[in-house]
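K.L.:
What follows is each chain in one-letter form.
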Amino acid sequence: MVEVKNLTKVYGDLKAVDNISFSADAGEILGFLGPNGAGKSTTMNIITGYLSSTAGTVTIDGDEILENPKGAKKKIGYLPEIPPLYPDMTVEKYLSFMFDLKKVRLPKEEHIKEVMAIVKIIEVKDRLIKNLSKGYKQRVGFAQALLGNPPVLILDEPTVGLDPKQIIEIRNLIKSLGKKHTVIFSSHVLSEVSATCDRVVMINNGRIVADSETDKLSSAISGTGELSLEVEGSASAVSDALNTVTGVRKVEKTGAKTYKVLFDPDLDIRKAVFRALAKADCPILEMRQGGLSLEESFLKLTEGGGAQ
Amino acid sequence: MSAIIKRELSSYFNSAIGFIVLAVFYFFSGVFFNFYCIYYNSSSLSAVFSNMLMIVLFLMPLVTMKSFAEEKRQKTDQALLTAPISLFEMVMGKFIGAFILYLICNAIFVVYALIIAAFATPDWAVIICTMIGMLLMGGALIAIDLFISAMTESQVIAAVLSIGAGLLIYMLDSLSSLANSDIVTNIINAISFNKNLSNFTYGILSLPNVIYFISVAALFLFFTVRVFERRRWS
Chain E
3 MVEVKNLTKV YGDLKAVDNI SFSADAGEIL GFLGPNGAGK STTMNIITGY LSSTAGTVTI
63 DGDEILENPK GAKKKIGYLP EIPPLYPDMT VEKYLSFMFD LKKVRLPKEE HIKEVMAIVK
123 IIEVKDRLIK NLSKGYKQRV GFAQALLGNP PVLILDEPTV GLDPKQIIEI RNLIKSLGKK
183 HTVIFSSHVL SEVSATCDRV VMINNGRIVA DSETDKLSSA ISGTGELSLE VEGSASAVSD
243 ALNTVTGVRK VEKTGAKTYK VLFDPDLDIR KAVFRALAKA DCPILEMRQG GLSLEESFLK
303 LTEGGGAQ
Chain Y
34 MSAIIKRELS SYFNSAIGFI VLAVFYFFSG VFFNFYCIYY NSSSLSAVFS NMLMIVLFLM
94 PLVTMKSFAE EKRQKTDQAL LTAPISLFEM VMGKFIGAFI LYLICNAIFV VYALIIAAFA
154 TPDWAVIICT MIGMLLMGGA LIAIDLFISA MTESQVIAAV LSIGAGLLIY MLDSLSSLAN
214 SDIVTNIINA ISFNKNLSNF TYGILSLPNV IYFISVAALF LFFTVRVFER RRWS
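Chains as they are written, first to last, in our numbering: chain E, 3 to 310; chain Y, 34 to 267.
For the record, the hints were derived by calculation from the structure and aren't laboratory data.
All C-beta atoms in this analysis are idealised placements derived from N, C-alpha and C, irrespective of residue type, glycine included.
One or more hints might be untrue.
Stated by the list, open to error - Derived contacts from chain E toward chain Y, CB cut-off under 7 Å, selection only:
hint	residue
1	72
2	102
3	104
4	107
5	276
What the hints assert, rightly or not - Simulated crosslink set (BS3-like; lysine-lysine; CA at most 27 Å straight-line):
hint	chain 1	residue 1	chain 2	residue 2
6	Y	108	E	122
7	Y	39	E	72
8	E	77	Y	228
To be verified - Computed Cβ-Cβ distance ranges for the label pairs, DEER-style:
hint	chain 1	residue 1	chain 2	residue 2	range
9	Y	53	E	215	54 to 62 Å
10	E	120	Y	137	36 to 44 Å
11	Y	157	E	90	40 to 48 Å
12	Y	108	E	215	44 to 52 Å
13	Y	186	E	257	52 to 60 Å
14	Y	108	E	7	23 to 31 Å
15	Y	148	E	151	49 to 57 Å
16	Y	267	E	191	29 to 37 Å
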């Protein structure tokens, strides 16, 4: 649906985006993760045609953004970091303007009502945008992106500056939108990405440092799978039993009853570990896959990538 | 494009700016009409028109100053530039919006012409030609001011630079007499708004003057599009 190929953007001497490539399939929620200043907004601005790339291509459902900008832009709903709202307009008038601007060919009044219902702003439709709270402004921005039911939604840090309740609402909204649209959304909050996305692209200093499914992210980063175990029984019996499991690379004792098992990330060894330890009569008290938390892997990656 | 025109007009009249521009325009044209036509018992509107040039030069920057500068400051340009419209459509939308306001301003001259017609025989050729000239001149001026607005993020800078440009346009004629060389004088005369407008005020619809104002407008609208193109690539 969205294909980004060898994208590069240079501002003077600064390489804001450096040869990045990734793609998002139809119906996928892609998290675009990176610290502030990593090049997330620049990339999104290029995808939506606000900026032009120095090199590389962006294809939206077969339309290249520079070759056929009108066709590509029609398929995108974009919520920039700062929602593009006119403070002197009422919510309904603003949405009506955006509807016309985007040349949407749907029954106007019904469609605007429908979109307002999705983001829950019907009760403020006659208020001036400048008098709305931050949360409502964000939702009006959301509504604007949804007009015309574009197949691709690009959301740039949609939850920044909202209160926890609103953040959860917006996250649920993104999740429900992901069923019908391809969603790419950026964030520097890891828990948010892990809670909402199917896939994560991590970016640092303009380069992609990781691109994998959310639950496999930490093993993809460290290059090895990690299993944390709490097991009853003698240390030698436990480590002997664990070492018989295929794929296990290393067993480390980290506490009185806790162990860390490093294994081949392509395999899922949990069942085998269960059987081996049961056979050795060492009951498992706790087992957790993915040793590095998303936070830890994020820090690890961004530190590594920082030293250019 | 029509969406942008509609929004421009509603933004003029949602804020005070549209009403203020109309009020100032009507006030000064009324003063000049009263003075040159009623006081002197003249049926010629030409003097009113030529005096309005100065007012227009100062008034239009107030209309155009926020056209692009404010969009950029509020980041609403992101909505315009990521919408499925071309840069040309966007710039034309802004231009036509401002031009319609200018048209509403100039509509007052129809009233003055009818007042004259009620008491004397007006020289319709002169009045119609001068109105065409005023509209063409206004279009050229709006295009210049839009270009200035596109280059900055601050309404104030846009307004000051546009008024500066207006003053320069106004003073060009006096500058031409200061120049010692014939070539410079000829060039200044050729590009002077006043000189190009004068044929219209005699009731002569001459093609070179029409083409002059249309070219100035087209050139600066083209420059405005280029400003956005350049910003996208830089």
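K.L.:
All the hints need checking, so say for each whether the structure fits it.
P.N.:
Here is what the structure says about each hint:
Taken as an interface hint, residue 72(E) checks out: its beta carbon lies about 5 Å from the nearest beta carbon of chain Y, inside 7 Å. The closest approach between the C-beta of residue 102(E) and any C-beta of chain Y is roughly 3 Å, which is under the 7 Å cut-off, so the hint is satisfied. Among the interface hints, the one on residue 104(E) holds; its C-beta lies about 5 Å from the nearest C-beta in chain Y, closer than the 7 Å criterion. This hint is violated: residue 107(E) has a C-beta 12 Å from the nearest C-beta of chain Y, more than the 7 Å allowed.
A distance limit of 7 Å between C-beta atoms decides the matter here; for residue 276(E) the minimum to chain Y is near 52 Å, and the interface restraint is violated. About 24 Å separates the Cα atoms of residue 108(Y) and residue 122(E), which keeps this hinted pair within 27 Å; it holds. The suggested pairing of residue 39(Y) with residue 72(E) holds, with an alpha-carbon distance near 21 Å, which does not exceed 27 Å. The suggested pairing of residue 77(E) with residue 228(Y) is violated, with an alpha-carbon distance near 51 Å, which exceeds 27 Å.
Judged by the Cβ atoms, the range 54 to 62 Å given for residue 53(Y) and residue 215(E) holds: they are separated by roughly 59 Å. Remark: the range hint 36 to 44 Å for residue 120(E) to residue 137(Y) is upheld by a beta-carbon distance near 39 Å. Restraint check, residue 157(Y) to residue 90(E): a C-beta distance of roughly 41 Å satisfies the suggested window 40 to 48 Å. The hint said 44 to 52 Å for the Cβ distance between residue 108(Y) and residue 215(E), and at roughly 33 Å that hint is violated.
The given range of 52 to 60 Å is respected by residue 186(Y) and residue 257(E), whose C-beta atoms sit roughly 58 Å from each other. Here the CB-CB span from residue 108(Y) to residue 7(E) is close to 28 Å, well matched to the stated 23 to 31 Å. Taking 49 to 57 Å as the suggested C-beta distance range, the pair residue 148(Y) and residue 151(E) conforms, at roughly 55 Å. For the hinted restraint 29 to 37 Å between residue 267(Y) and residue 191(E), the CB-CB distance of approximately 31 Å keeps it satisfied.
Going down the numbered hints, you'll see the structure goes against 4, 5, 8, 12, while the others check out.
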